[in-house]
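The residues making up each chain are set out below.
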Amino acid sequence: ETGVTQSPTHLIKTRGQQVTLRCSSQSGHNTVSWYQQALGQGPQFIFQYYREEENGRGNFPPRFSGLQFPNYSSELNVNALELDDSALYLCASSPKSGGRIDTQYFGPGTRLTVL
Amino acid sequence: AQSVTQLDSHVSVSEGTPVLLRCNYSSSYSPSLFWYVQHPNKGLQLLLKYTSAATLVKGINGFEAEFKKSETSFHLTKPSAHMSDAAEYFCVVSDGGATNKLIFGTGTLLAVQP
Chain Z
1 ETGVTQSPTH LIKTRGQQVT LRCSSQSGHN TVSWYQQALG QGPQFIFQYY REEENGRGNF
61 PPRFSGLQFP NYSSELNVNA LELDDSALYL CASSPKSGGR IDTQYFGPGT RLTVL
Chain P
1 AQSVTQLDSH VSVSEGTPVL LRCNYSSSYS PSLFWYVQHP NKGLQLLLKY TSAATLVKGI
61 NGFEAEFKKS ETSFHLTKPS AHMSDAAEYF CVVSDGGATN KLIFGTGTLL AVQP
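One line per chain: the protein sequences are Z and P, in this order. Here the first sequence stands for residues 1 to 115, where the numbers follow my numbering. Here the second sequence stands for residues 1 to 114, where the numbers follow my numbering.
These are calculated hints, taken from the structure and not from any lab test. Worth double-checking, as some hints may not be accurate.
[What the hints assert, rightly or not] Have a look at the derived ranges for each label pair, beta carbon to beta carbon:
no.	chain 1	residue 1	chain 2	residue 2	range
1	P	Gly97	Z	Gln17	29 to 37 Å
2	Z	Asp102	P	Asn61	29 to 37 Å
3	P	His82	Z	Arg111	39 to 47 Å
4	P	Leu20	Z	Leu67	36 to 44 Å
5	Z	Glu53	P	Ala111	40 to 48 Å
Here the structure is a predicted model, which means the values were calculated and not measured. Ideal Cβ positions, reconstructed from N, Cα and C, are used throughout, including at glycine.
Turn these sequences into a full structure, and let the hints guide you.
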């Protein structure tokens with residue numbers, strides 16, 4: 001069974017640019033959540049996707065957007081990058097059944113540096 | 001609103017001695033609680049979870065945690081530390097809403113001395 005994978009592992013961008021991060025969910029998992037982990041802090045919830053629709057959102061501005069595809073993989077897009085967007089971006093997948101989202105399993109993350 | 005407080009930002013133990021990482025939670029209902037571990041430059045790995053079944057939860061790599069409602073605590077323990085246990089540990093509560101999003105503590109960095 002393949003776990004959650006993310007690409008790329010590292011990325012360097014400059015302020016004002018746009019970035020796309022990718023996540024493949026674990027087999028059988030239909031829900032993907034994205035988290036931002038700034039240096040020295042715990043991860044913060046960005047948003048979640050279920051059946052290709054946004055299922056909930058944390059306290060992040062609209063320039064953070066996402067997609068989920070029919071195979072349950074997902075993308076995180078960030079426009080107009082700011083220095084504070086430098087962080088480890090984590091994707092987590094989980095199964096959802098009976099209206100309930102189960103345990104979330106994390107990928108290795110993408111380290112984004114904004115210069 | 002749900003939250004967790006990790007009482008120690010750094011813990012240092014000697015190899016072979018017990019590990020105790022402390023976590024208190026705040027929740028308006030019976031929470032789902034988790035411990036995740038993060039090794040340097042790695043993602044998060046689930047150690048164990050509590051979902052209102054047995055109050056003593058056993059996880060991977062010899063870790064366990066006890067849910068104590070009267071103390072609103074969910075401390076993580078291991079009888080004997082190994083060098084490979086050196087990592088950052090996060091106590092986590094789920095918000096129980098539509099997304100069941102995870103709310104993380106600030107983390108405890110565990111150092112294991114030889």
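Numbers of the earlier hints that this structure fails to satisfy, in rising order: Those not satisfied are hints 2 and 3.
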